[in-house]
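Engineer: Listed here are the chains, written in short residue letters.
There are 2 protein chains.
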Amino acid sequence: MPILNEISALVKRIPTSMQEILNERVIQIRAEIQQGVKKPYKQVLNLSSGDPQALSLKPLTFVRQVLAGCLYPTLLHGDTLPADVRQRVQTLLGECAGEGTWSHLETHGIRKLQHSISDFISRRDGVASDPDNIYITNGSTAAFMTLLKLFVPNGSSLQTGVLTPEPSYNGFKFALAAQGALVVPYYLREEQGWAVQLDELHRAVLTAKGHCNLMALYVINPGNPTDIHPVLSPGHVQTKDSIKDVIRFAAEERLIIMADEVTDAHKNMIVCVYQSCMIGEGMEFCSYKRALMEMGAPYSNMVELASINSISKGPMGECGLRGGYVELVNFDPSMKQNIFKLFSAMQCASLMGQIALHVMVDPPRPGQPSYPLYTNEIQSNKREIINNVRRTLGVLNSLPAITWQPVMGGMFAFPRVSFSQAAINYAQERGQEPDVMYCLRLLEDEGLCFLPGYELGMTEGIYHIRITLAAQEEIMKEALQRLKNFHLRFLKEFPALERPGGNTNPDPLTATASSVMGHADPNTPLGWRH
Amino acid sequence: MPILNEISALVKRIPTSMQEILNERVIQIRAEIQQGVKKPYKQVLNLSSGDPQALSLKPLTFVRQVLAGCLYPTLLHGDTLPADVRQRVQTLLGECAGEGTWSHLETHGIRKLQHSISDFISRRDGVASDPDNIYITNGSTAAFMTLLKLFVPNGSSLQTGVLTPEPSYNGFKFALAAQGALVVPYYLREEQGWAVQLDELHRAVLTAKGHCNLMALYVINPGNPTDIHPVLSPGHVQTKDSIKDVIRFAAEERLIIMADEVTDAHKNMIVCVYQSCMIGEGMEFCSYKRALMEMGAPYSNMVELASINSISKGPMGECGLRGGYVELVNFDPSMKQNIFKLFSAMQCASLMGQIALHVMVDPPRPGQPSYPLYTNEIQSNKREIINNVRRTLGVLNSLPAITWQPVMGGMFAFPRVSFSQAAINYAQERGQEPDVMYCLRLLEDEGLCFLPGYELGMTEGIYHIRITLAAQEEIMKEALQRLKNFHLRFLKEFPALERPGGNTNPDPLTATASSVMGHADPNTPLGWRH
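As you go down the protein sequences, you meet chains A and B in turn. For what it's worth, full-length UniProt numbering labels the leading residue of the first sequence as 1, then goes sequentially. For what it's worth, full-length UniProt numbering labels the leading residue of the second sequence as 1, then goes sequentially.
Heads up, a few of these hints could be off.
The list treats identical chains as interchangeable, and a pair is accepted whether it falls inside one copy or across any two copies.
DSS-like cross-link-like pairs, simulated, lysine-lysine; straight-line CA separation at most 27 Å [said to hold, decoys possible]: (1) Lys38 with Lys12; (2) Lys112 with Lys42; (3) Lys336 with Lys12; (4) Lys58 with Lys492; (5) Lys38 with Lys112; (6) Lys58 with Lys382; (7) Lys382 with Lys336; (8) Lys39 with Lys112; (9) Lys492 with Lys336; (10) Lys38 with Lys58; (11) Lys209 with Lys38.
It should be emphasised that the hints constitute simulated quantities derived from the structure, not laboratory data.
Starting from the given sequences, assemble the full structure and let the hints guide the process.
Structural biologist: Right under this line is the structure:
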């Protein structure tokens, strides 16, 4: 009998990822096609992931040129790389421990990068930021994993609980489970554009009482276009007043705020270059730190805030490089040594991710040779997503039994699908949720992969599918055609109501959804100023 | 009062890293020099780290060219990159989810890379390797951290214990502490060339009884030139017989073997290209897996083995890219799903590290354009280290109160220093260990940073300093001159015995050390066949 005959309870608690199951099946089907297995399609289209580059959205040339130059400084001779790229590379190489190479002397990150991030935050918020409070990590998941170690386990006999929005990306929930903490869900209301509601937070706190030791509140802002909060058809941006309410709530309940503020490169660009950051129609991005500092004492010097950002999303979309940071605000200075020790024990973050992070917080400036291309590429990626939103809404509009919330911006569509009782029964017989069954069949029949809303933690009886919008035009068109074909066939097999909302067992939170939801105007899908 | 007013017990248990403290001081001193503070030196030399490139050892051109090409495929047009680099880039890009870019679809690593690693292991060991048992990670620390989650916590009221060699790199001990596991030390004997001794393993097991739930045995082989086992002046390579003894021991005691087999690029090269792997004089590297399979049943299908490798060490030395893998052998297949789930929850490893890993396990072959340069660069880096060993031993030979074990190979010297009672008292008054005091003074007085043996877990009363040998000639010469100046001044202040061994409170394990230790011949410091 093997020694490890039972997996630790901790690992068992990590939910199985539908995303992983679907990805594995995508790989299998691709292999089957290569082996000559007959399928009604030549190619699998995977529009389930939150990885912008997986669907051929182009990486930003400046980022890649700087990385190539840092790795292979021979490129600095001659004019293979533009002058400002060469200059950036020289500056970054000057920060290395070795000469012209890359080493991992400083486990908390490149010193200069800490300062650049701190400058970026100061510019964004109009509030000072201390480079010593910035820790650089292998992306946002690594940042959360490490942070959670500070207070999980906590010595209490009860598990540590963290208030967590649903629906949301499962990565954070995986991280909580992997650290032995408990997800205490608070539900975002579809009919309110997935905004955080104070009464729902209070309700969630009550559910936690006696079951766990509630220590932190996880918030995601903006709710787009990060895949951290993938319910992107709404793509909620929190207002400053709402943020202040949440901060007061956290102070009353004595909760640490873990803010997932993966401000995407659009916004970073705008923040950096124009000192303003409009992304949604009439919506101004406000960081939790800025709101906190505006509130003044006692909040501004009392509420503990960890704000996390990463290079994975937006037009930069460098998921594969792994880069992120966390800024700690109001953490007890006496713990600094221990926090530093913890982050150091995790080893330094990938230097390639760190370099990309440097470009993200300090992009090319007007007048520099790379500025026009850099901004054009961002605009072009943005345009591609906007066109895909239009295309997608156009097709969804033509399909019965599908509705959605108006899109404010982002990288995903998240339409709601209505299933007939027959379809629900059919799924149940297979031990599947209806949306999972729908996505699995879509993948088998049409070679098209979307993510079921189930993965993101939907309330029972409410079903969504998540469609990645960051795809090249031809891929998107083909995907929508396949969706249309499948959906109409599916409805012939399982005729459904014209509008969702008549689902069985609706949750009280979303019971009124059907009354406010409807078909949006495909011509004004985004609030971005383009 | 802040909510997080006390750090979790788990983080508290992570030991403070002398390496980090020294690095911070190095950075401070460098800043002081820049600010015009007068010092008796113009430049700080940091020879404390295990990062080969930090001391200007050159990165391998082929690795960097492949990385640059993958990041910026425009370089594939024209002849900026050699033909085999371009071909490798094309192959790797073909493995991406996106076209010509990099995304993180497969959280367990690039599929092709899993196969390449599996091929490499099969060639090395002459035993089949299943790609599905290979998990790619952000370096070896990440691999250990994730693995430990499988059995820590274990549901037992006792903490999970792991048998861990001392002295050894503190990274693994940090990982254990960060996961809430307990280090159960077994001491490597200096006078036996730091070899693992069965009687010492049995002694360590007895110390653990009743204190913890012993689950695993951590072994490091070869003991060089990884910084995982940094006692590199001995640089022990385990014999196949010794490995089999250890495997039998693990089977009897029902322990999972976690083998740190960071086979460096020399050996990988030799393994890959020549199917042989001599590194020490008369020493043949044998992997734990190979030994295990040779033993046959019941061992070969029973003993659970996790073997870890990384790109950080040897002439590749790509610490900053973060790349490593673990192969799991004999783990219960029923747990595969959970293990996969766990590694997936950690997110994919840095793709740049994965690409470098690909080159490490499948380097340029004879006849390919890059082969001559690749092998020359490795030989040159190797020669530089060998010359540094000669230089270092030459200087150490001239210094009183210093001895060492014969060097078999590697990246560090680890001489033992004899301190007088006066020096010990002086250190105690400052709350420091004598070797820590020595290194701190060396840094302040001479701007030279070495790592005290204390950091690596030495027994009480035995003091060492660790000197990185992977440095450019000029840096090494300058460092040795500074060491000489300091050491002679130090001995004037604190006169010591000519030979160490007369230390107070010697540990029984090493009490006989002085009788077998002596000055080695600087002309035959390494067993490498050069």
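Engineer: Could you run down the list of hints and mark each one as holding or not?
Structural biologist: Hint check results:
1. Lys38 with Lys12: neither (37 Å within a copy, 59 Å between copies)
2. Lys112 with Lys42: between (49 Å within a copy, 22 Å between copies)
3. Lys336 with Lys12: between (33 Å within a copy, 12 Å between copies)
4. Lys58 with Lys492: So Lys58 and Lys492 fail the 27 Å test inside a copy (39 Å) and across (65 Å) alike.
5. Lys38 with Lys112: between (55 Å within a copy, 24 Å between copies)
6. Lys58 with Lys382: within (11 Å within a copy, 40 Å between copies)
7. Lys382 with Lys336: neither (40 Å within a copy, 40 Å between copies)
8. Lys39 with Lys112: between (53 Å within a copy, 24 Å between copies)
9. Lys492 with Lys336: neither (62 Å within a copy, 39 Å between copies)
10. Lys38 with Lys58: neither (32 Å within a copy, 51 Å between copies)
11. Lys209 with Lys38: neither (55 Å within a copy, 60 Å between copies)
In the structure shown, a violation is registered for the earlier hints numbered 1, 4, 7, 9, 10, 11, in ascending order.
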